[in-house]
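Student: Chains as they are written, first to last, in my numbering: chain A, 6 to 405; chain B, 1487 to 1820; chain C, -3 to 194.
What the hints contain is simulated information worked out from the structure, not anything from laboratory work.
Please read these numbers as outputs of a predicted model, since none were measured by experiment.
Accuracy of the hints is not assured; some may be wrong.
Between beta-carbon pairs, the in silico distance windows are [stated by the list, open to error]: (1) A:K329 - B:S1524: 33 to 41 angstroms; (2) A:A213 - B:V1774: 51 to 59 angstroms; (3) A:E233 - C:G115: 52 to 60 angstroms; (4) A:N62 - B:V1818: 36 to 44 angstroms; (5) B:M1526 - A:R175: 34 to 42 angstroms; (6) A:G383 - C:S23: 33 to 41 angstroms; (7) C:E36 - A:V52: 52 to 60 angstroms; (8) C:S23 - A:R175: 21 to 29 angstroms; (9) A:E169 - B:A1538: 48 to 56 angstroms; (10) A:A213 - C:L162: 27 to 35 angstroms; (11) A:G57 - B:F1782: 48 to 56 angstroms; (12) B:F1777 - A:R175: 52 to 60 angstroms; (13) B:G1502 - A:E233: 35 to 43 angstroms; (14) A:V52 - B:A1556: 45 to 53 angstroms.
With a straight-line Cα cutoff of 35 angstroms, these simulated DSBU-like cross-link-like pairs (lysine-lysine) come out [said to hold, decoys possible]: (15) C:K105 - A:K271; (16) C:K37 - A:K187; (17) C:K37 - A:K240; (18) C:K37 - A:K217; (19) A:K240 - C:K167; (20) C:K105 - B:K1620; (21) A:K240 - B:K1496; (22) B:K1496 - B:K1517; (23) A:K217 - B:K1517; (24) A:K329 - C:K143; (25) A:K326 - A:K240; (26) C:K143 - A:K187; (27) C:K167 - A:K332.
Some but not every residue of chain A turned toward chain B, in silico, with C-beta under 10 angstroms [said to hold, decoys possible]: (28) M34; (29) L146; (30) L148; (31) G149; (32) T152; (33) L203; (34) R238; (35) I338; (36) D356; (37) G383; (38) I386.
We treat Cβ as the ideally placed atom computed from N, Cα and C, and that holds for glycine.
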Amino acid sequence: MTTRLSADQDLVRHLSEVSVSVELQTPDMTLNIGPQHPSTHGVLRLVATVDGERAFNVQPVIGYMHRGYEKLAEVRTYPQITTLVNRIDWVSGYANEVPFIIAAERLLGVEVPERAQFIRLILTEMARIASHLVFNASYPLELGAATPLFFALRERERVLDLLESVTGGRFHPNFNRIGGVKPAQGAGSATRKVIQDLPRGFLAETRAAMDKVLSTVNELEALVAGNEIILARTKGIGLIPPETAAAYGMSGPNLRASGVGFDLRKVSDYLPYTQFDFRVPTGANGDCWDRWWVRLEETRQSASIIQQAIDSIPSGPLLAKVPKIIKIPKGEIYVRAENPKGEMGYYLVSDGGLGPYRLKIRSASFSNLSILPWILEGALIPDIIAIMGSLDFVLGDVDR
Amino acid sequence: MNFWLELAIKLVVAAGIIPVVGMVIGFAEMKLSAKMQSRMGPYFAGGRWGWAQLIADGVKFFQKEDLIPADADRPVFKWAPALVLASTVAILVPIPFGPQVVGRNLDLGIFYALAVSSLSTIGVLMAGWSSANKYSLIGGLRAAGQLIAYELPLVLAVVGVVILAGTMSLNGIVEAQASWFSERGWQFGLPFVIVQFIGFGIFMIATLAELSRIPFDMPIAESELVMGYVTEYSGFRFLFFFLAEFANMFSLSAIAATLFLGGYWVPGLSQPQLNFVGPIVLFAKIGVLVFAMIWFRWTFPRFREDQLQAIAWKWLIPLSLANILATGLLKVVV
Amino acid sequence: MTASPSDTAATSVEGLAAALSDAVGGSYEVAHGTAKVRVEKERWVESLRAARDDFGLIFFSWLSAVDWSNQVEVGDALTETVEERYEVVAAVADISTGLIVLLSTDLDKANPRLASLVGVYAGANWHEREAHEMFGIEFDGHPQLIKLYLPEGFLGHPLRKSYPLLSREVKPWPGKVDVEGMPGQADEDEPSTENPEA
């Protein structure tokens, strides 16, 4: 009897406590994006807690491409490290070698001949064009537009073929030597060593190729920039204010898209950029559209720099006189360069041996990627793809 | 003719037309997209033209292992592609390919066609749910939202045509277009696209959304969800979805061509002649529409889900309602 | 010779390093264009906060460590004996003039603990995680000090000099000879680990 009464009372109390809630309590879902995914630029895994279409607490899991370069560098000689290092950011292979070689040369005290510096500059800018063309074309692909990719990759093949004709490799050139660039040794006889300069016609062909690159860039802009859907998907998405960008160490075109007109090529003298006339494009808002557009403009500027460099390249040797076995005296140095992905730097601690005591590689994409948890908080899932793509990172660069 | 013989012929044609049309349109997509992207497309299969590529693909899909995920809901998983393909075939029933070349001349032709086309929504939801995969689920739910949202503009766009024609039978609509100016003795008729261009635009946009083609392919969203609700399907089940997409392009374009472009009718031909020439004419008109769909697919990126819904609810539906109002007024007044 | 940009940069960087080291009570040295300010471990966070707020170095470039050890499992040993320590190095820069300064502090090998910089520079989060898993340095106050690159069950701290490189354990460095012969054919030179002469 008492139980029945108390059950009724319980029921009444329960009914009085029930409140009609408009929000349906739905459980959150944990979604793994990657590591095998068409859009993550490599093996990146994002663990996101998803509520409907919104993601919260996005944690990137990296390290799938960690190859231990910093440890490996400790057991290599200086010339051998070039082969390790151009595999960091494999899309723009040549650009990875340059700051390391310059660090080694500065510690050694070797003066690099002018012609070699110009060649390094030309090849670095070609690497920049290759990297930016891939980005500017594959970003619309992530949003769904498949066609720009084919046009841009066709032109990029031209640039890569030119790179291959002079260095022997499309992505891993190994063209730098401590003291300059590699002087090609022709197939002369055993008694007569023929040292060749750059392959005949390379400079003229490169200069002509730059016109085609400019026309492809115009084509890309016409195809993508006038498209309202792309603008609707990228404008106002993924805003990064400049202070946050600087605090996270975001550099390169990502930082410039947020309005900061800072380019290491203008303030640092690791290569003779100050002789050339080029603009530093900056974006207005720091959204995904600005990041795309800044890289497009930079491609134009790179093509212009290459043409100016080819017109004014001095003659001279390609390699300074350095000993056959390179031992760099004791010291420390940090050299940084404006790579296509951002600021890349090498902190070299040398103890006078054949190889470094410690080599710290500061890679651009590592810092660029570290902003993801902050910026993806509360983003819609399609926007995750749009924002992630716009940061233009490469997993080799992130993980080293 | 004997009713049963006629029925048998029609069934055979319906069963045969879907794979053939699917392959033809699929091949067209491959070649056209290749030309737009400055590459060759299928080249080696079948001479230097690649026409056998899709046949080879079909055979390949058929001989693949039938994989069903362990956690999947088996009967639902198996029946989902069948439902999608069934709705595609069922749309073809009232479409007239010639004055007498029609599956069944239904009084409620267009009503029936639109009702049956929305069956595919159920198939998509079944596929997304039963796959036991979070990506598929997200894709399936996106698809459900999108397909339901775009059903309304699809239907409302057609109402203007029905008002003008005065009948829901598809044969009747073609007749209305053919004989629009016949009381004045003019030979040529009026394809409704000229007066109903708003309706045509809305119908085509809604068709793209119903087909989940770019710019409305959020449910599949290849770069995000791998393949959306189709992710877990392999082998001949995937072939069903694949073919269903192209066949559905054909079916819905057939409806659009019938409603807006005049169907099987061209000026200057008599009724018996139209029985033979009509299908060719209709195929040509469908071809133009399918080409436009392929063109859009490779040019545009995709809309985000909320932008997609906003377009449907905030723009297309009010626009189509205004269209109906204007059409009704003009029909009475003019 | 006209003053090259590196000279001007060096003077400005030197000025900056001098001012910064005065402000935080450390010492500085500038060599090869690189300015390094050494601070005490207790004043680590305060020094970086001063760098950010008073000197405008708002760009956080990187943070890592150097393991100064006299006995190494990997590579060559140091030519002179040093005091064994972990030297944590952080690089911060300015995004208008391009000046960059390295700040460093020394940690005890026995108990490597340091205060975390996450409160000063948000980007230090991942760099400290990397230094933690590679060197075993504990950062106090870090919100989530878990492994970054290495898989969960990984034991040891790879970038320490006491951590051997497995591939070198299995096969020692051949020295002058870098190319293996064909299978079944003896190598022309015996692999040696002597330093080849110039």
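Student: Given G149 (chain A) was flagged as interface, is its beta-carbon under 10 angstroms from a beta-carbon of chain B?
Tutor: holds, 3 angstroms
Student: Would the stated hint for I338 (chain A) survive a check requiring a Cβ distance to chain B of less than 10 angstroms?
Tutor: Violated, because the Cβ-Cβ distance from I338 (chain A) to chain B comes to roughly 42 angstroms (cut-off 10 angstroms).
Student: Let me know if the C-beta of R238 (chain A) comes in closer than 10 angstroms to any C-beta of chain B, holds or violated.
Tutor: Where the cut-off is 10 angstroms and the nearest Cβ of chain B is about 6 angstroms from R238 (chain A), the hint holds.
Student: Taking 36 to 44 angstroms as the hint, is the beta-carbon distance of N62 (chain A) and V1818 (chain B) inside that range?
Tutor: violated, 60 angstroms
Student: Is 48 to 56 angstroms respected by the C-beta to C-beta distance linking G57 (chain A) and F1782 (chain B)?
Tutor: violated, 29 angstroms
Student: So the hint says 34 to 42 angstroms: do the beta-carbon atoms of M1526 (chain B) and R175 (chain A) match that?
Tutor: violated, 23 angstroms
Student: That 33 to 41 angstroms hint for K329 (chain A) and S1524 (chain B) (C-beta), does it hold up?
Tutor: violated, 49 angstroms
Student: Can the restraint linking K240 (chain A) and K167 (chain C) be considered satisfied, given a maximum Cα separation of 35 angstroms?
Tutor: violated, 55 angstroms
Student: Could you check the hint for me, namely that A213 (chain A) and V1774 (chain B) are 51 to 59 angstroms apart, CB to CB?
Tutor: The hinted range 51 to 59 angstroms is violated for A213 (chain A) and V1774 (chain B), with Cβ atoms some 41 angstroms apart.
Student: Assuming the hint says 35 to 43 angstroms, is it satisfied by the Cβ distance from G1502 (chain B) to E233 (chain A) or not?
Tutor: holds, 42 angstroms
Student: For the pair E36 (chain C) and V52 (chain A), does the Cβ-Cβ distance stay inside 52 to 60 angstroms?
Tutor: violated, 39 angstroms
Student: What's the verdict on K37 (chain C) and K187 (chain A), does the C-alpha distance respect the 35 angstroms limit or exceed it?
Tutor: Given pair K37 (chain C), K187 (chain A) is violated - Cα atoms ~45 angstroms apart, limit 35 angstroms.
When the structure is compared with the earlier hints, violations turn up for hints 1, 2, 3, 4, 5, 6, 7, 8, 9, 10, 11, 12, 14, 15, 16, 17, 18, 19, 20, 21, 24, 25, 26, 33, 35, 36 and 37 and for no others.
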